[in-house]
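A.B. asks: Sequence:
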Amino acid sequence: MTIAAILSRLERAETTAVALLEEVQARVAAAGAQTPVARLEWDRAFDQARAADRARQEGAAGPLCGVPLAHKDMFDRAGSVVGFGAHPDAQRRAERTAEVLARLDAAGAVDFGRLQMSEFAMGPTGQNHHHGMPVNPAVPGGVPGGSSSGSGVAVAMGLVPAALGSDTGGSIRIPAACTGVVGFKPSPGLVPLAGAMPLSWTQDVVGPLAASVDCARRVLSVLSAGRTRATSQPPGKLRLAFDDSSLTEGVSARMRAALADLRKQLRAQGHEVVALDMGWLAHLAEPANVIAIAEAATVHADRLRAAPDSYGPEVRARLCQAAGIPAQAYLRARQIRQIAIARAKAEIFAAADLVILPGLADVAPQAAALAGAKGAEIATMIAGMTGLTRPASLLGLPVLTLPVAQTSDGPLSVQIMGQRGAEDLIADLAQHLETARRSDLHRATDPA
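Taking my numbering, the leading residue of the sequence shown gets 1, the next gets one more, and so forth.
The hints are simulated quantities; they were obtained by calculation from the structure and are not laboratory data.
Please read all numbers here as calculations on a predicted model, not as lab measurements.
The beta carbon of each residue, even a glycine, is placed where N, CA and C say it ideally should be.
Keep in mind that the hints are not guaranteed to be accurate.
Computed list of lysine-lysine pairs in DSS-like fashion (alpha-carbon distance at most 30 Å, straight line) [what the hints assert, rightly or not]: (1) Lys237 x Lys345; (2) Lys264 x Lys345; (3) Lys264 x Lys237.
Cβ-Cβ distance ranges computed for the label pairs, FRET-style [said to hold, decoys possible]: (4) Ala51 x Asp309: 39 to 47 Å; (5) Ala373 x Ala51: 47 to 55 Å; (6) Cys320 x Arg44: 34 to 42 Å; (7) Gln91 x Ala369: 27 to 35 Å; (8) Ala26 x Ala194: 30 to 38 Å; (9) Trp201 x Ala346: 26 to 34 Å; (10) Gln366 x Lys345: 18 to 26 Å; (11) Gly421 x Gln265: 24 to 32 Å; (12) Glu22 x Gln91: 22 to 30 Å; (13) Arg239 x Glu95: 44 to 52 Å; (14) Leu276 x Arg44: 44 to 52 Å.
Take the sequences, apply the hints, and build the full model.
C.D. replies: Structure representation (structure tokens):
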């Protein structure tokens, strides 16, 4: 299910927005408990679908007219209940509609429900104390990744071609890598946050998880009010940097092989592949976490004081510990961020147009390993999942996560990272790579 294919069917009058929504309704019903849906809102969705059909008949179809979508349960919609992946006591009925949902509505998209997420968007595995963990359809027994767990799973299951997520330290990119879909974290400020649940106001961004790069960029173009392109262009010859340091020394042998294949492919396409020592990026994970958790503790201070038992034990423990972070540590982390931003510009982006890093060290970790872990083991697993994503959050850089290889255990993905404002260039390269990979897969599976 891609946006292009859906729009093609609609434009050729092979189907209608209402019929498409009925198809989705049937798929959701057939999947039963396997769906990552937190709440279904069919009545409003069918109203939107009928409006989309009328708009198309009148020649007023928007860029997403009739496309069925669902989103992480953290965006306000006037009159609807927002759950935040939290205890039922935290739910509230929104008075206004989040700007991102309003922009999708104006583009003609059909929003049929809310998707599961980590509690208050805190947690990279997808585990939720209150609601459990969505099933990863791409990695049997694997975690789905978080905190936009339901968004990644819904796209990977084929329920939707795209779904909104949020990213503070990797919450779009990690579930995208875990489930083998595309995840697009934009530059801070490109997509409005009004009406979206805050976690860390200096690092939060909103972006799509999607079935393809084309799907992701179509949605991002709507979210950014046209500040990014919805269509691809040839990327031209680029300088592409890969890490040659301790930053990636912990990745698996098959991830190393996937990266080597990608370097070979890029060189064959005429790009300049450069090796850079980016080991210092590993030191940014801790200041990124200090900023994020200190700001989260501020967001939750009043509620945590008034209703501590309504939080899951792990989230409550993290917030309580964060409340003790001294102001000096928080301010120091923000100083480190400014120094790191300047260093990245001088050392990395002076030598390269884009950077390619692993999305995860390997395929998604097994949920059983998480269930049996305690204390330091959990911290080690979380650090392993976020170590490659947090630096871009601290630096405020746009990143696209792209699946590049399929193993017997699941997908392997990379991150394509650029300077602020480089969303179009990132997407152009990613779409070029995606098209080439799909062509190779088609040739490999074509009968002789």
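A.B. asks: The structure should be examined with respect to each hint, and the outcome stated for every one.
C.D. replies: Tested hints:
This hinted pair checks out: Lys237 and Lys345 have alpha carbons roughly 20 Å apart, not beyond 30 Å. Restraint check: the Cα-Cα separation between Lys264 and Lys345 comes to about 26 Å, which is no more than 30 Å; the hinted pair holds. A threshold of 30 Å between alpha carbons decides the hint, and for Lys264 with Lys237 the separation of about 15 Å falls inside it, so the pair holds. Ala51 and Asp309 have their C-beta atoms about 43 Å apart, which keeps the hinted 39 to 47 Å range intact.
Our hint of 47 to 55 Å for Ala373 and Ala51 holds, since their Cβ atoms are close to 48 Å apart. Range check, Cys320 to Arg44: Cβ separation about 38 Å, and the 34 to 42 Å hint holds. For Gln91 and Ala369, the hinted distance range of 27 to 35 Å is satisfied, since their beta carbons lie about 31 Å from each other. Our hint of 30 to 38 Å for Ala26 and Ala194 holds, since their Cβ atoms are close to 35 Å apart.
Distance hint check: the CB atoms of Trp201 and Ala346 are about 27 Å apart, consistent with the given range 26 to 34 Å. At about 39 Å, the CB distance of Gln366 to Lys345 disagrees with the hint of 18 to 26 Å. Our hint of 24 to 32 Å for Gly421 and Gln265 holds, since their Cβ atoms are close to 26 Å apart. Our hint of 22 to 30 Å for Glu22 and Gln91 holds, since their Cβ atoms are close to 28 Å apart.
A hinted range of 44 to 52 Å for the beta carbons of Arg239 and Glu95 is consistent with their spacing of about 49 Å. For Leu276 and Arg44, the hinted distance range of 44 to 52 Å is satisfied, since their beta carbons lie about 49 Å from each other.
In this structure, only the earlier hint numbered 10 is contradicted, and the remaining ones agree with it.
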